[in-house]
Amino acid sequence: MDGENRIILNVGGIRFETYKATLKKIPATRLSRLTEALANFDPVLNEFFFDRHPGVFAQILNYYRTGKLHYPTNVCGPLFEEELEFWGLDSNQVEPCCWMTYTKHRDTQVTQGHSAAKIVAVISVFFIVISILSFCLKTHPNMRVPVIDNVTVTGVNNTVHWTLDKNRTNPHKAFFFVELACNMWFTFEIIIRFIVSPNKLDFIKSPVNIIDFIATLSFYTDMLTDFLLNKFNKNLTNTNADILEFFSIIRILRLFKLTRHSPGLKILIHTFKASAKELTLLVFFLILGIVIFASLVYYAERLQANPYNDFKSIPEGLWWAIVTMTTVGYGDMVPKTYVGMLVGALCAIAGVLTISLPVPVIVSNFSNVYSHTQVGAAGSVMVMRNVG
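Residue numbers (the working numbering): 9 to 396.
In case anyone wonders, no lab produced these hints; they're calculated from the structure.
Heads up, a few of these hints could be off.
Said to hold, decoys possible - EDC-like cross-link-like pairs, simulated, lysine to aspartate or glutamate; straight-line CA separation at most 20 Å: (1) 28 to 55; (2) 281 to 55; (3) 76 to 55; (4) 274 to 91; (5) 33 to 286; (6) 181 to 230; (7) 33 to 103; (8) 76 to 91; (9) 126 to 197; (10) 146 to 230.
All chains, full assembly: derive it from the sequences and hints.
This is the structure in structure tokens:
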């Protein structure tokens, strides 16, 4: 019976033997999905064959047994990353004791353009900040000018008459030149980064690059639209102008470009990725609680005569439930009956408990990623000192 629970893995000519239950400890990986129907199963030898690096696999199999992933010092970093990707494992799970050695290959890859890359990064951050400031400031009333309509020239007295539409304003002309300079830099940066990118397909599929491209393209689209309208002497209505400006909000997404230059933002993103299951569970329970308490408070407020009832429908109660469960409490909608107040109290308590449950897991993931980053940063400093 024990033999039926064991499994033989032939990796690069080296046979490994373990229990099937051991490989199930880490789900959604290649080893956890092994079945005898796979092409690499040999029914004669009763084993699975993988033409991969056996030295790395020894550490990977120990990871399934102990839950701790250590880096073998006799292989290079890129090979280890390639093996982890093949077996479906996350490199962020490497233990802190091995993190400095594991990331050493990245830190030693200092090219001649390293200093130039730092300068480009500083310039890029500068233009991102200027672009965001310009995007925000141009909406301030003091930074806008009234639209001039119905310009007519009379030849007798050689005078010009115009009408100011104070109900519709445009940003000051200076903002156009600021955004033009910023977008010229962003265009130059996209082209250069695409040219020097070793993998053009990965560059195109990168979410940050897609955001950067769309944000830059939106500026040129606005500029082309304004040019065509001026050429044909047409003006936008208030509604059309607002719609056009609304789509330019995508430029604010350039803040995500800072993830290339900010270790803190990278840590935050890795933390969210590692906590994806917990966050999904949190959202599910919040939605469940919101729907339940919105329905309860709607009917609770109808049990007694209440001329000041704020809950006219369950959809309106959804807004109140969201605000209450997240402990924001705007106070725009308040239950007036005793039963409604009881429902509100239970809603607030349920919200606090629901939000607090995944916090320890998220904090633990943040601590792990942060410790890995700190060890990697210390290793980078040591490598740079040795190189110097």
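These are the hints, each one checked on the structure:
With a C-alpha separation of about 12 Å, the suggested pair residue 28 and residue 55 falls inside the 20 Å cut-off, and the hint holds. Distance check on the hinted pair: residue 281 and residue 55 sit about 35 Å apart at the alpha-carbon level, beyond 20 Å; violated. As the CA atoms of residue 76 and residue 55 are separated by approximately 25 Å, the hinted pair breaks the 20 Å bound. Taking the CA atoms of residue 274 and residue 91, the gap is near 23 Å; set against the 20 Å cutoff, the hint is violated.
Of the supplied pair hints, the one linking residue 33 and residue 286 holds, its CA atoms being roughly 18 Å apart against a limit of 20 Å. The straight-line distance between the Cα atoms of residue 181 and residue 230 is roughly 14 Å, inside the 20 Å bound, and the hint therefore holds. A distance of roughly 18 Å separates the Cα atoms of residue 33 and residue 103; the hinted pair therefore holds under the 20 Å criterion. Among the hinted pairs, residue 76 with residue 91 is consistent with the structure: their alpha-carbon atoms are about 16 Å apart, no more than 20 Å.
For the hint pairing residue 126 with residue 197, the CA-to-CA distance comes to about 13 Å; that is within 20 Å, so the pair holds. Of the pairs offered as hints, the one joining residue 146 and residue 230 holds, with about 15 Å between alpha carbons and a cut-off of 20 Å not exceeded.
Going down the numbered hints, you'll see the structure goes against 2, 3, 4, while the others check out.
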